[in-house]
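Number of protein chains: 4
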Amino acid sequence: MNKTKKLIFDAAVKCFSKKGFHKSTMDEIAETAGVAKGTLYYHFKSKEDIFKFVIDEGMTVIVNEINDKTAKLDNPVDKVAAVCEVQFQMTIKYIEFFRTVLSQMWGDEERQLQLREALKKYFEVIEINLKEAIDKGLIEKCNVEVIAFNIFGVITSTVLYNNTHEDVNFDELSDTVINFIMNGINQHY
Amino acid sequence: MNKTKKLIFDAAVKCFSKKGFHKSTMDEIAETAGVAKGTLYYHFKSKEDIFKFVIDEGMTVIVNEINDKTAKLDNPVDKVAAVCEVQFQMTIKYIEFFRTVLSQMWGDEERQLQLREALKKYFEVIEINLKEAIDKGLIEKCNVEVIAFNIFGVITSTVLYNNTHEDVNFDELSDTVINFIMNGINQHY
Amino acid sequence: MNKTKKLIFDAAVKCFSKKGFHKSTMDEIAETAGVAKGTLYYHFKSKEDIFKFVIDEGMTVIVNEINDKTAKLDNPVDKVAAVCEVQFQMTIKYIEFFRTVLSQMWGDEERQLQLREALKKYFEVIEINLKEAIDKGLIEKCNVEVIAFNIFGVITSTVLYNNTHEDVNFDELSDTVINFIMNGINQHY
Amino acid sequence: MNKTKKLIFDAAVKCFSKKGFHKSTMDEIAETAGVAKGTLYYHFKSKEDIFKFVIDEGMTVIVNEINDKTAKLDNPVDKVAAVCEVQFQMTIKYIEFFRTVLSQMWGDEERQLQLREALKKYFEVIEINLKEAIDKGLIEKCNVEVIAFNIFGVITSTVLYNNTHEDVNFDELSDTVINFIMNGINQHY
DNA sequence: TATGAATGAGTCTTCATTCAT
DNA sequence: CATGAATGAAGACTCATTCAT
Numbered sequence: 000m001n002k003t004k005k006l007i008f009d010a011a012v013k014c015f016s017k018k019g020f021h022k023s024t025m026d027e028i029a030e031t032a033g034v035a036k037g038t039l040y041y042h043f044k045s046k047e048d049i050f051k052f053v054i055d056e057g058m059t060v061i062v063n064e065i066n067d068k069t070a071k072l073d074n075p076v077d078k079v080a081a082v083c084e085v086q087f088q089m090t091i092k093y094i095e096f097f098r099t100v101l102s103q104m105w106g107d108e109e110r111q112l113q114l115r116e117a118l119k120k121y122f123e124v125i126e127i128n129l130k131e132a133i134d135k136g137l138i139e140k141c142n143v144e145v146i147a148f149n150i151f152g153v154i155t156s157t158v159l160y161n162n163t164h165e166d167v168n169f170d171e172l173s174d175t176v177i178n179f180i181m182n183g184i185n186q187h188y
Numbered sequence: 000m001n002k003t004k005k006l007i008f009d010a011a012v013k014c015f016s017k018k019g020f021h022k023s024t025m026d027e028i029a030e031t032a033g034v035a036k037g038t039l040y041y042h043f044k045s046k047e048d049i050f051k052f053v054i055d056e057g058m059t060v061i062v063n064e065i066n067d068k069t070a071k072l073d074n075p076v077d078k079v080a081a082v083c084e085v086q087f088q089m090t091i092k093y094i095e096f097f098r099t100v101l102s103q104m105w106g107d108e109e110r111q112l113q114l115r116e117a118l119k120k121y122f123e124v125i126e127i128n129l130k131e132a133i134d135k136g137l138i139e140k141c142n143v144e145v146i147a148f149n150i151f152g153v154i155t156s157t158v159l160y161n162n163t164h165e166d167v168n169f170d171e172l173s174d175t176v177i178n179f180i181m182n183g184i185n186q187h188y
Numbered sequence: 000m001n002k003t004k005k006l007i008f009d010a011a012v013k014c015f016s017k018k019g020f021h022k023s024t025m026d027e028i029a030e031t032a033g034v035a036k037g038t039l040y041y042h043f044k045s046k047e048d049i050f051k052f053v054i055d056e057g058m059t060v061i062v063n064e065i066n067d068k069t070a071k072l073d074n075p076v077d078k079v080a081a082v083c084e085v086q087f088q089m090t091i092k093y094i095e096f097f098r099t100v101l102s103q104m105w106g107d108e109e110r111q112l113q114l115r116e117a118l119k120k121y122f123e124v125i126e127i128n129l130k131e132a133i134d135k136g137l138i139e140k141c142n143v144e145v146i147a148f149n150i151f152g153v154i155t156s157t158v159l160y161n162n163t164h165e166d167v168n169f170d171e172l173s174d175t176v177i178n179f180i181m182n183g184i185n186q187h188y
Numbered sequence: 000m001n002k003t004k005k006l007i008f009d010a011a012v013k014c015f016s017k018k019g020f021h022k023s024t025m026d027e028i029a030e031t032a033g034v035a036k037g038t039l040y041y042h043f044k045s046k047e048d049i050f051k052f053v054i055d056e057g058m059t060v061i062v063n064e065i066n067d068k069t070a071k072l073d074n075p076v077d078k079v080a081a082v083c084e085v086q087f088q089m090t091i092k093y094i095e096f097f098r099t100v101l102s103q104m105w106g107d108e109e110r111q112l113q114l115r116e117a118l119k120k121y122f123e124v125i126e127i128n129l130k131e132a133i134d135k136g137l138i139e140k141c142n143v144e145v146i147a148f149n150i151f152g153v154i155t156s157t158v159l160y161n162n163t164h165e166d167v168n169f170d171e172l173s174d175t176v177i178n179f180i181m182n183g184i185n186q187h188y
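Line by line, the protein sequences are chains A, B, C and D. Going by numbering that gives the first Met the number 0, the first sequence opens with residue 0, and the numbers climb by one from there. Going by numbering that gives the first Met the number 0, the second sequence opens with residue 0, and the numbers climb by one from there. Going by numbering that gives the first Met the number 0, the third sequence opens with residue 0, and the numbers climb by one from there. Going by numbering that gives the first Met the number 0, the fourth sequence opens with residue 0, and the numbers climb by one from there.
These are computed hints drawn from the structure, not numbers from a lab. What you were told as hints is all true, and nothing was included just to trick you.
A pair holds if it fits inside one copy or across any two, identical chains being indistinguishable in the list.
Using 30 angstroms as the maximum straight-line C-alpha spacing, the simulated DSS-like pairs for lysine-lysine come out as follows: (1) 13 - 92; (2) 13 - 120; (3) 18 - 36; (4) 36 - 4; (5) 46 - 22; (6) 36 - 51; (7) 92 - 140; (8) 2 - 13.
Note that the structure is a prediction, hence the values are computed from the model and not measured.
Can you build the whole structure from these sequences, using the hints too?
Listed below in structure tokens is the structure:
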């Protein structure tokens, strides 16, 4: 990703998260990026294309960061818990990105499918560990795909939903949802 | 709600759920409702106004239906479980309405606040029962607001996310998420 | 064709003939018609659609006018000559329309096909008479489709090509081309 | 014309003939030529300038080729017929070039004038022979400029118009139009 | 000579809203 | 109550042209 493309990427994340995909205009993205409108189209085919790039690129960064931070753990249950904690912190850190993700999660069918594709990478991290935990008899059998999806949903939506309050205690919030999740997969944590 | 307004309400739900708020046009809503475009403006101030009406009216119907169906239960934990089950069925029944709700949950700030206001009624049903369960020592102490919100999120998003698959086993899905939730609030169910 | 549509039709003919299809803008057409730009789109699907309407409607008017003015003639050769004369006068009368037609005759494939479809009506008038003349032994056998097309081409292009000169003697011009055509179909006229 | 300029010339002819002047983009011409877009501007002032060059250069090539192939004939009537035949073959050979010519013949005024200027060279070949034929009493008196123009028009437009059919019999077509033309100038051929 | 990233004016098109009937 | 023609502001996208390298 060269310099100009990076400028556009950052601007797009900012705009999409602030106003959603539809209300963000190419003019705004260009102005935010500090480039001419034509430049957007030199680097991207369309607004849709920028969105796709933002999601794909963003999810890759995030999945890598999660993998890095949970690499040293062996026990799959510990790993799921660690992923949750990291995901919680990541949502706070990249809150604009995740607002972009969730805002498009239930909109246009086409953009929805792109999103699911990009989220796969993330879900897989959790699914693998859930499966291993089940195989080792650490947690009860369950539909790992559904649970992985919900773990992501619970964490991100909780952070976003509560982010508007002025005096959020994110530590307590983190404990609450991770407790809910770990209990949910039948592991008093 | 007179006949014409009802036609518009149904049409709006259908359009909003199919294409989201922004991609739904007043022309489409009018055509779907079988009325002239001007008629929309006779009954509603604006497109925003139709959205607001749809959400408010829809949530009222749903909360009432939930209350009806869980009225006879006494035990607060049973009641939470029952609300979950009913909510699961309701999401299937009114799937277009809930897609509309979720599609706007993380978008435009103004519409987000309207949504939260409307959802309060639903959350309260769960919060009251969670509190009672905590008071009676049936479940552990927790942040009831956060949990109520997540119960709603887990159920609706699971139904919507899996609705695209062609051969969904909703019964298994229901067991999975309700199990996850009830475990989550520390009640092996 | 109601009043507004007629305004747009006239404006479109004027613009297309003056600057061609591509260089004519919807803004210009709207301004020339004295309506708002949105009004164009209330009555027509697209710029392309306006073009199609202009050609179809225009050719219908012209073919009708030609048929009216040549109705009373019986002899097919006389009729072809009469059609030529009328066509010559029509090209002068509706010169802007015919410039529009010729300007698009060799451009975009799609618009070209529309044009051919619309011109069929006109060609048929000539083809029928040529065939009859051949059948009656009045002129030699020839490929009537090719000749009909060329009769149209010779007349319209001659008028348009010479229209730029300031002091055109249209009567002499008319004699020249009609003589050329009638000789061409082997009828010293 | 050096190598790069020749690449651009060929690419421009191809593009202009396929999509017309307006729909052809500098990007396409550059890509077709296999050079960078900036290179077009190194060799030409503008898109208009490329068009002008294409027409001028093309017509020169064609007029030379016609002169070569009809040089040995003496009789002016034979020469006109020969020019027609050669022109027919040339239109088939350089069909894309002639589509470019005709597509701009009735459009933008400025480009129209350039075209007429370039066509003069061709018309003159015919005009000279027509005049000589008239002077020698071989054909009747006529407006040679109008006839020369129409001879060009009839031949090129017939080839182009019929080129879309899949199974064109160009020999029959050639006979038809040349017969039409030679009869037209009053010379049963 | 040649390149290709960057530009921004210009275009088509959409659509919520108004209003006379 | 209901209509639908008309509006115009706004937005996505195109593309000839420039210029630093």
